[in-house]
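*Asks:* Protein sequence lines, in the order shown, are assigned to chains A and B. Counting from 20, one number per residue, gives the positions in the first sequence under the numbering used here. Counting from 3, one number per residue, gives the positions in the second sequence under the numbering used here.
Derived from the structure by calculation, the hints contain no laboratory data. Misleading hints may appear alongside valid ones.
With a straight-line cut-off of 30 Å between C-alpha atoms, the simulated DSSO-like cross-links for lysine-lysine are [to be verified]: (1) Lys76/A <-> Lys28/B; (2) Lys118/A <-> Lys15/B; (3) Lys118/A <-> Lys70/A.
Fair warning: this is a prediction, and the values are worked out from it, not measured in the lab.
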Amino acid sequence: GQQVMQIPQYQHVQEGEDFTTYCNSSTTLSNIQWYKQRPGGHPVFLIQLVKSGEVKKQKRLTFQFGEAKKNSSLHITATQTTDVGTYFCAGPRGGSNYKLTFGKGTLLTVNP
Amino acid sequence: DAGVTQSPTHLIKTRGQQVTLRCSPKSGHDTVSWYQQALGQGPQFIFQYYEEEERQRGNFPDRFSGHQFPNYSSELNVNALLLGDSALYLCASSPRVGYGYTFGSGTRLTVV
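So that you can see chain A by itself, here it is in the shape it has in the complex (with noise of 0.2 Å):
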């Protein structure tokens, strides 16, 4: 099964509500990387983190690793009804940088 967990499962906001979803993993991850799946789509690769304790910002979105590298957040600001989807974080597992493991992901609804 999926050993990287994400919450909330759901989400639901108000346009211009702030959004985050957490990511966490009970292994050490090499890096971790954040993906959105828009309904009826295919997911698309937002972002990768890899140093300790990182925060790369992308416009309204923010994402942070942890120190310990095993959690992660994704924060979007003032949700726009194009933010929503389903939000999967992924990183490496089983020793293996190849095997890609995905949350479940959390599904973020905003009403407009």
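Got chain A sorted already, so can you dock chain B onto it with the hints?
*Replies:* Using the frame of chain A, we list chain B on its own:
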């Protein structure tokens, strides 16, 4: 620059049959990974191909097999189909290990 191309987009098969799904990676990408995504779940890693060899495999039975060709394109074969094999099958390519994946639009397989 074409992204990842998968065919067919949809497929309906009967239990016990065999199916072949195809993937052409993004130009410049030599690594191809296959994922199975059930409804409401994150993508589950099936296997990864590099230099025409299976480099890593997930927890899938031997009914799932694959191939990579010299032009980096890849096939996923599933034998003795079960109802539980119904899912979205995603192909992802990357230029090398440790880079974000580019996903195709997927093949929706329905087993009846």
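*Asks:* Next step is simple, just say for each hint if it's right about the structure.
*Replies:* To see whether the hints hold, each was checked on the structure:
1. Proximity of Lys76/A to Lys28/B is assessed by CA-CA distance (about 26 Å); at most 30 Å being required, the pair is judged to hold.
2. A hinted pair counts as satisfied when its Cα atoms are at most 30 Å apart, and Lys118/A with Lys15/B qualifies at roughly 28 Å.
3. Taking the CA atoms of Lys118/A and Lys70/A, the gap is near 19 Å; set against the 30 Å cutoff, the hint holds.
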